[in-house]
Amino acid sequence: MKIASYNINGIKARLPALTDWLQEAAPDVALLQEIKSVDENFPRDHFSDLGYNVETHGQKSFNGVAILSKLPLEDVVRGLPGDEADDQARWIEATVTGDKRAVRLCNLYLPNGNPAPGPKYDYKLGWMERLRARARELLAAEDCALMAGDYNIIPQDEDAASPEKWREDALALLASRDAFRRILNLGFTDALRARTPAPGHYTFWDFQRGAWQRNDGIRIDHFLLTPQAADLLSDCQIDAEIRGREKPSDHVPIWIELDA
DNA sequence: ATGTCGTAACGTTTACGA
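Just so you know, my numbering puts 76 at position 76 of the first sequence, and the rest follows in order with no gaps.
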């Protein structure tokens, strides 16, 4: 089962590039972030025609997540638990069943948090506390499960081409890294790091200052796997090449292969 | 050149979020 995560930065603007990539990469599941669309305006029929079931959790202008899946999506849950007042669309989960195993998919768009310090950074850290609570539940269930998406976290200096430029940024502050590591240390596997120990693997290049041309990237899109999922992991790769195409997102897809 | 995008709105331009 091939499962991909891709921050598309606007479904309307990304429809051609996303369609091309979907047809080439042919993932069984695509977890999308930043659809920047309400559910009613998401082009469901377009993806149905490509053979995908569609579940969305959107809002106007910003944020928004969606799951595309060739397999049926069951038990869909929208919104990260823990704060009834939080109306930002950043979380959707669902279950798919492969030939061998069911997989619980959690698709997330973690808050950016800049500028830090400030209310946006407080919201980021609070959101990560709630994420940790949900993560503990997933582990306790002892199921094959994953939490994937745009974490807006550079886990270590080796995950940035120019780590010194990010030191005061909400994506790399020690408090951000600590919060991410606290989740990881519950017992999750960072799929990319399980397969690729070397530095220099990035999922995001800023639109500004020719970041792509200079390969000034960062690794902020991650797959975190429960032990039951990690045992089935056979591959994890980043489709970096599509960052150089026409009208790209600032993120590129990362995907895993699970023997599920 | 706070340099680029995508989205929304009192829109041919500005504001916000990233």
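Simulated from the structure, these hints should not be mistaken for lab results.
Where is the CB? At the ideal position from N, CA and C, for every residue including glycine.
Incorrect hints may appear among the rest.
Listed below are the simulated SDA-like cross-link pairs for lysine to any residue, each with C-alpha atoms no more than 20 angstroms apart in a straight line [as the list claims (entries may be wrong)]:
id, residue 1, residue 2
1, Lys70, Leu50
2, Lys70, Asp87
3, Lys60, Arg44
4, Lys2, Lys120
5, Lys60, Lys120
6, Lys120, Gly82
7, Lys120, Lys100
8, Lys2, Asp239
9, Lys120, Ser61
10, Lys247, Leu15
11, Lys100, Ala211
12, Lys2, Gln23
13, Lys2, Glu24
14, Lys165, Ala211
15, Lys12, Glu246
16, Lys120, Asp83
17, Lys2, Arg209
18, Lys70, Pro43
19, Lys2, Val54
20, Lys247, Gly200
21, Lys12, Asp49
22, Lys2, Leu50
23, Lys12, Lys165
24, Lys70, Asp259
25, Lys247, Lys100
26, Lys2, Leu233
27, Lys100, Asp20
28, Lys120, Asp87
29, Lys12, Phe62
30, Lys165, Gln208
31, Lys60, Val38
32, Lys70, Lys120
33, Lys60, Gly10
34, Lys70, Tyr52
The following label-pair restraints were derived from C-beta to C-beta distances [as the list claims (entries may be wrong)]:
id, residue 1, residue 2, range
35, Asn215, Ala140, 34 to 44 angstroms
36, Leu184, Gly82, 16 to 26 angstroms
37, Leu186, Asp157, 16 to 26 angstroms
38, Asp122, Asp157, 36 to 46 angstroms
39, Ala102, Gln213, 40 to 50 angstroms
40, Glu74, Pro227, 17 to 27 angstroms
A quick look at each hint next to the structure:
no.: 1; hint: Lys70 / Leu50; in the structure: 9 angstroms, holds
no.: 2; hint: Lys70 / Asp87; in the structure: 29 angstroms, violated
no.: 3; hint: Lys60 / Arg44; in the structure: 17 angstroms, holds
no.: 4; hint: Lys2 / Lys120; in the structure: 34 angstroms, violated
no.: 5; hint: Lys60 / Lys120; in the structure: 19 angstroms, holds
no.: 6; hint: Lys120 / Gly82; in the structure: 17 angstroms, holds
no.: 7; hint: Lys120 / Lys100; in the structure: 42 angstroms, violated
no.: 8; hint: Lys2 / Asp239; in the structure: 13 angstroms, holds
no.: 9; hint: Lys120 / Ser61; in the structure: 18 angstroms, holds
no.: 10; hint: Lys247 / Leu15; in the structure: 10 angstroms, holds
no.: 11; hint: Lys100 / Ala211; in the structure: 42 angstroms, violated
no.: 12; hint: Lys2 / Gln23; in the structure: 13 angstroms, holds
no.: 13; hint: Lys2 / Glu24; in the structure: 13 angstroms, holds
no.: 14; hint: Lys165 / Ala211; in the structure: 12 angstroms, holds
no.: 15; hint: Lys12 / Glu246; in the structure: 15 angstroms, holds
no.: 16; hint: Lys120 / Asp83; in the structure: 15 angstroms, holds
no.: 17; hint: Lys2 / Arg209; in the structure: 34 angstroms, violated
no.: 18; hint: Lys70 / Pro43; in the structure: 16 angstroms, holds
no.: 19; hint: Lys2 / Val54; in the structure: 16 angstroms, holds
no.: 20; hint: Lys247 / Gly200; in the structure: 24 angstroms, violated
no.: 21; hint: Lys12 / Asp49; in the structure: 17 angstroms, holds
no.: 22; hint: Lys2 / Leu50; in the structure: 16 angstroms, holds
no.: 23; hint: Lys12 / Lys165; in the structure: 31 angstroms, violated
no.: 24; hint: Lys70 / Asp259; in the structure: 16 angstroms, holds
no.: 25; hint: Lys247 / Lys100; in the structure: 38 angstroms, violated
no.: 26; hint: Lys2 / Leu233; in the structure: 10 angstroms, holds
no.: 27; hint: Lys100 / Asp20; in the structure: 29 angstroms, violated
no.: 28; hint: Lys120 / Asp87; in the structure: 14 angstroms, holds
no.: 29; hint: Lys12 / Phe62; in the structure: 12 angstroms, holds
no.: 30; hint: Lys165 / Gln208; in the structure: 14 angstroms, holds
no.: 31; hint: Lys60 / Val38; in the structure: 5 angstroms, holds
no.: 32; hint: Lys70 / Lys120; in the structure: 36 angstroms, violated
no.: 33; hint: Lys60 / Gly10; in the structure: 11 angstroms, holds
no.: 34; hint: Lys70 / Tyr52; in the structure: 5 angstroms, holds
no.: 35; hint: Asn215 / Ala140: 34 to 44 angstroms; in the structure: 41 angstroms, holds
no.: 36; hint: Leu184 / Gly82: 16 to 26 angstroms; in the structure: 19 angstroms, holds
no.: 37; hint: Leu186 / Asp157: 16 to 26 angstroms; in the structure: 23 angstroms, holds
no.: 38; hint: Asp122 / Asp157: 36 to 46 angstroms; in the structure: 25 angstroms, violated
no.: 39; hint: Ala102 / Gln213: 40 to 50 angstroms; in the structure: 43 angstroms, holds
no.: 40; hint: Glu74 / Pro227: 17 to 27 angstroms; in the structure: 22 angstroms, holds
Hints 2, 4, 7, 11, 17, 20, 23, 25, 27, 32 and 38 from the list above are not met by this structure, while the remaining hints are.
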